[in-house]
Amino acid sequence: GMTEFSLKFTVGAPDRASFELLYSVGNELKSATLNGKALDIGKSAGFSELGGSMVIKAPQGAGLFVNGENTLQVEILNAVGSPSPLGFYASGMLKISGAAEQAGGAVGGRGVVGGGAGGQPAPMAQQQGQHQAQQQVAQEVDLSTGGAAWSYGQSAAPSTSPHAAWYKALHGSWIGNSDSWPAGMTEFSLKFTVGAPDRASFELLYSVGNELKSATLNGKALDIGKSAGFSELGGSMVIKAPQGAGLFVNGENTLQVEILNAVGSPSPLGFYASGMLKISGAAEQAGGAVGGRGVVGGGAGGQPAPMAQQQGQHQAQQQVAQEVDLSTGGAAWSYGQSAAPSTSPHAAWYKALHGSWIGNSDSWPAGMTEFSL
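Numbers in my numbering are just positions in the sequence shown, counted from 1, shifted up by 1.
What the hints contain is simulated information worked out from the structure, not anything from laboratory work.
One or more of the hints may lead you astray.
The calculated lysine-lysine pairs, modelled on PhoX-like cross-linking and capped at a C-alpha distance of 20 Å, are [claimed, not checked]: (1) 192 / 169; (2) 227 / 214; (3) 221 / 241; (4) 279 / 221; (5) 241 / 214; (6) 227 / 192.
What follows is a set of in silico ranges between Cβ atoms, one per label pair, in the way DEER data are often shown [said to hold, decoys possible]: (7) 156 / 185: 16 to 22 Å; (8) 255 / 44: 33 to 39 Å; (9) 245 / 212: 28 to 34 Å; (10) 264 / 36: 42 to 48 Å; (11) 165 / 363: 42 to 48 Å; (12) 245 / 190: 22 to 28 Å.
Ideal Cβ placement from N, Cα and C applies to all residues, glycine included.
Model the full assembly from the supplied sequences, consistent with the hints where possible.
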């Protein structure tokens, strides 16, 4: 039969909201709805990879979101005739487009500013939101192309509209050139500041034309999976920098990717990546743990200096009003009237660096399951 999981979250600017949830599932995702309206779920392709053809999309301007509480529901089929493992893992953010300074109260959730009807939140909510925002943003930094300051040599990496055959991302942008780029190897890089290197990690899902040959963090090689083209995001295409592997340094860190344009003459070249640098541990201890665009502090961990702290609170309020984590393990997914049960992944399931699977990796009744958010 079917199993349903659900997730509830608050939106104050429904005309500017959108999300893209990459997922992995055992056995099959049958449907997803937002406020009762069907969403594009791609195609279930198993439990060993994240994304690829497995993406739930809620685009902006499609009349899917409502002002106030929104409900996301997913239905999962456990097709085996007797109880067997069932799991669902999803990773993604609700995003609000438009100027960050106009987005106070635009979204509401765990650690999110306001939750009012858009515009400026009430003074009390604003004060609480600033405090929560400082905590949450100290935990994450956007490393995505189009969201972070990627470079090409000494200049900013050129953004490009996607080629007709490339993956159509709802957020961020491709870098490179969808018309013409020299043949051979191209290197893009990204610099970001970390104040708690022992607690840092990231997972960047990517799409590439033509092939990602390598990725390094501070000169150390990273696991890049396997390039599988430019029409999907993730799947086998994931750059991983796990916590505790000695990859991060205190202060400035440099991520570099090398892309091969194998065609013998100039042709399109593009790279799209989506993911967050995350700092594990108690949020209240993470002030200044990470630094970047719109991020608290950037000092050497612990509490940032007073001036940086004040600036960080203001930046944090702006950035967190733009995003809410909808991931399993990061948001309050439900199963019926109870919290959705977290589970360690089955030996054959995708091993995520962040968040957690929901379901049960040992045994779950056969049939359909619905989870909601």
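Hinted pair residue 227 and residue 214, Cα distance within 20 Å: holds, 9 Å
Quick check: does the Cβ-Cβ distance between residue 245 and residue 212 fall within 28 to 34 Å? holds, 29 Å
If I claimed the Cβ atoms of residue 264 and residue 36 lie 42 to 48 Å apart, would that claim hold in this structure? holds, 45 Å
Would the hint linking residue 192 and residue 169 be met if the CA-CA limit is 20 Å? violated, 26 Å
Is residue 221 close enough to residue 241, meaning Cα to Cα at most 20 Å? holds, 12 Å
Residue 227 paired with residue 192 [C-alpha distance capped at 20 Å]: violated, 24 Å
Regarding residue 255 and residue 44, is the given constraint of 33 to 39 Å on their beta-carbon distance met? Distance hint for residue 255, residue 44 holds at roughly 37 Å.
Does the hinted range 42 to 48 Å hold for residue 165 and residue 363 at CB? holds, 45 Å
Verdict for residue 245, residue 190 (Cβ pair) under range 22 to 28 Å: holds, 24 Å
Taking the CB of residue 156 and the CB of residue 185, does the distance hold inside 16 to 22 Å? 18 Å Cβ-Cβ, so the 16 to 22 Å window holds.
Is it true that the CA of residue 241 sits at most 20 Å from the CA of residue 214? With Cα atoms ~14 Å apart, residue 241 and residue 214 stay inside 20 Å; holds.
Holds or violated: are the alpha carbons of residue 279 and residue 221 at most 20 Å from each other? Roughly 19 Å between the alpha carbons, so the hint for residue 279 and residue 221 holds.
Of the numbered hints listed earlier, those contradicted by the structure are 1, 6.
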